[in-house]
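Enquirer: Sequence:
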Amino acid sequence: MRRICFIVLLLFGVASAGKAQTYPYLAVQTTEGEVQTLSVDGLTMSMVDGQMIFANEETSVSVALASLSKMYFASSATGVKELATSNSPVQVYAADGRYLGKFETLPAAVSGLRSGVYVVRSKDVTVIISVK
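Position one of the sequence shown corresponds to residue 1026 (the working numbering), numbered consecutively onward.
Source of the hints: derived by calculation from the structure; they are not laboratory data.
Okay, the calculated beta carbon distance ranges per label pair:
1) Thr1151 <-> Pro1049: 26 to 36 Å
2) Ser1085 <-> Ile1029: 50 to 60 Å
3) Glu1129 <-> Val1065: 36 to 46 Å
4) Asp1074 <-> Ser1147: 22 to 32 Å
5) Asn1112 <-> Val1065: 34 to 44 Å
6) Ala1099 <-> Gln1076: 17 to 27 Å
7) Met1072 <-> Ile1029: 47 to 57 Å
Just so you know, these numbers come straight off a predicted model, no measurement behind them.
All residues carry an ideal CB built from backbone N, CA and C; glycine is no exception.
Between the sequences and the hints, there should be enough to build the whole structure, so can you do that?
Expert: Right, here's the structure in full:
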């Protein structure tokens, strides 16, 4: 009986290992919230002068070790970039391209918007945000 239970458990383990999810990307997140992903194909990682360097055939990402928050494997690529909540003005557009106005700060813009998806543009970056 023990032998049969062991064989069943072994077969179950092999079957579930065959269905394991693959993670083709490595995501690197900084303490500022910026996330960059790289394909794991041909990926190399090295440390030089306090910088962690991630490189593959397509791209290279360098992050100061002091600002490296976490690394994790992901099933899809992402280009999520956090907008700084500084006092810089932002312009807001509706998802259909309509200009909704200029706001003094990002929090002021978010507080004045209804639920939905918006394009927010600051002097440095343009991102898509979701307001809930």
